[in-house]
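J.: This is what each chain is made of:
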Amino acid sequence: MRLKKRKRRDADIDMSAFSDLAFLLIIFFILTTTLEQFTGTSAEIPAGVENEEQQEKKQLTVNVAVDALFYGEDAVRMTMQEFRDALLAENFAEKEDNDRVVLVDVRDDVLYERYFQVITEIANSGGVMGLIKRSKSGGGS
Amino acid sequence: MKIARKRKKSAIQVPVTAMGDIAFLLIIFFMLASQFAKESKIKIERPQARGLSELDKSQVWVSMEADGGIFIDGEEASVAEIKARVESLLEGHEDKKVLVKIDKTATKEHYESLMIELSLAGATLSLVGDEQPQSF
Chain B
75 MRLKKRKRRD ADIDMSAFSD LAFLLIIFFI LTTTLEQFTG TSAEIPAGVE
125 NEEQQEKKQL TVNVAVDALF YGEDAVRMTM QEFRDALLAE NFAEKEDNDR
175 VVLVDVRDDV LYERYFQVIT EIANSGGVMG LIKRSKSGGG S
Chain A
1441 MKIARKRKKS AIQVPVTAMG DIAFLLIIFF MLASQFAKES KIKIERPQAR
1491 GLSELDKSQV WVSMEADGGI FIDGEEASVA EIKARVESLL EGHEDKKVLV
1541 KIDKTATKEH YESLMIELSL AGATLSLVGD EQPQSF
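For the protein sequence lines, the chains are B and A, in the order given.
Basically our numbering = 1-based index in the first sequence + 74.
Basically our numbering = 1-based index in the second sequence + 1440.
Keep in mind that a hint or two might mislead.
Simulated restraints on C-beta separations [what the hints assert, rightly or not]: (1) I1467(A) to E170(B): 25 to 33 Å; (2) E1515(A) to R83(B): 35 to 43 Å; (3) N172(B) to S1518(A): 49 to 57 Å; (4) E1527(A) to L95(B): 42 to 50 Å; (5) L109(B) to E1571(A): 14 to 22 Å; (6) E1527(A) to L98(B): 42 to 50 Å; (7) E1571(A) to D159(B): 18 to 26 Å; (8) K1497(A) to A163(B): 28 to 36 Å; (9) A142(B) to E1516(A): 34 to 42 Å; (10) I104(B) to D1570(A): 19 to 27 Å; (11) T153(B) to H1533(A): 36 to 44 Å.
In silico DSS-like links for lysine-lysine, alpha-carbon gap of 30 Å or less [stated by the list, open to error]: (12) K1548(A) to K1497(A); (13) K169(B) to K1537(A); (14) K78(B) to K1497(A); (15) K1544(A) to K1481(A); (16) K1497(A) to K169(B).
Calculated from the structure, these hints are not laboratory results.
A virtual CB, placed ideally from N, CA and C, is assigned to each residue, including glycine.
Next comes chain B alone, as it looks inside the complex (with noise of 0.2 Å):
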């Protein structure tokens, strides 16, 4: 008995879709990316800051507590609002780099967001942070 050969056919695979879907991944996941910008605030610290001779000059302080700021040679107790208008009042812009340092001085109990409030305002009124570091807690300024 004779088997009857089959037939080959062209296997053509239609590949237009492909491309198709190809592409709408590259369009979702172009849309779905999102570029992170972050905002903040920039902060030069001067280094070197454990110098015993600039203890001697008197140099802006401000003593960050969490309900109050005390700021100046006099300690006066003020809100964000009066500091930030405080250290408008200081004209940082035309003085001198050592001149613009303000140091911020923290109490022990105030967390990160606050001490980066008070950073912002000196940052943003044209001054320099500068940080106390202590060899021990105890003694304020």
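Based on the hints, put chain A in the right spot on chain B.
T.: Frame of chain B; chain A shown alone:
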């Protein structure tokens, strides 16, 4: 006299197989070229303040979680390591900007030591925060 002969309509087929290849090449290119968030596992609530500006790109990212855990470019680090590691990462770069993300509830003992170490490493800090809503 008949001039215009009817042209035979031939089915024009544009080969589209290569288009799929191109599309997939593009996908692969973008996947390899994109930087995935280095710090997706680190949970930080950003602090809010008024008058913030857009920050430039930074070479190094330093993060601090609420409990004081420190990460440099997504890798955990201790306070003692910060200065040396940041210095080596900044080496050779003119731009000394370091992106600093600190949780808003971090305590003084943690964030202050981080700031001091970073300033000793000669970094310019870009502190990340969100703009505070105006009703204050």
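J.: Run every hint past the structure and note whether it holds.
T.: Hints, one by one, checked against the model:
For the hinted restraint 25 to 33 Å between I1467(A) and E170(B), the CB-CB distance of approximately 56 Å leaves it violated. In this structure, E1515(A) and R83(B) break the distance hint of 35 to 43 Å, their C-beta atoms being roughly 58 Å apart. A beta carbon spacing of about 34 Å between N172(B) and S1518(A) contradicts the range 49 to 57 Å that was offered as a hint. Separation of E1527(A) from L95(B) is about 49 Å and conforms to the stated range, judged on CB atoms against 42 to 50 Å.
Distance hint check: the CB atoms of L109(B) and E1571(A) are about 18 Å apart, consistent with the given range 14 to 22 Å. At about 47 Å, the CB distance of E1527(A) to L98(B) agrees with the hint of 42 to 50 Å. Judged by the Cβ atoms, the range 18 to 26 Å given for E1571(A) and D159(B) holds: they are separated by roughly 20 Å. In this structure the hint that K1497(A) and A163(B) lie 28 to 36 Å apart at CB holds, the actual value being about 35 Å.
For A142(B) and E1516(A), the Cβ-Cβ distance of about 36 Å falls inside the hinted range of 34 to 42 Å, so the restraint holds. Between I104(B) and D1570(A) the Cβ separation comes to about 26 Å, which falls inside the hinted range of 19 to 27 Å. With their beta carbons about 40 Å apart, T153(B) and H1533(A) fall inside the hinted range of 36 to 44 Å. Straight-line distance between C-alpha atoms of K1548(A) and K1497(A) comes to about 27 Å, which keeps the hinted pair within the 30 Å bound.
With a CA separation close to 24 Å, the supplied pair K169(B) and K1537(A) stays within the 30 Å bound. The straight-line distance between the Cα atoms of K78(B) and K1497(A) is roughly 73 Å, outside the 30 Å bound, and the hint therefore fails. Using a Cα cut-off of 30 Å, the hinted pair K1544(A) and K1481(A) holds, with the two alpha carbons roughly 17 Å apart. Restraint check for K1497(A) and K169(B): satisfied, since their Cα atoms lie roughly 29 Å apart, inside the 30 Å limit.
Violated hints for the displayed structure, listed by number in ascending order: 1, 2, 3 and 14.
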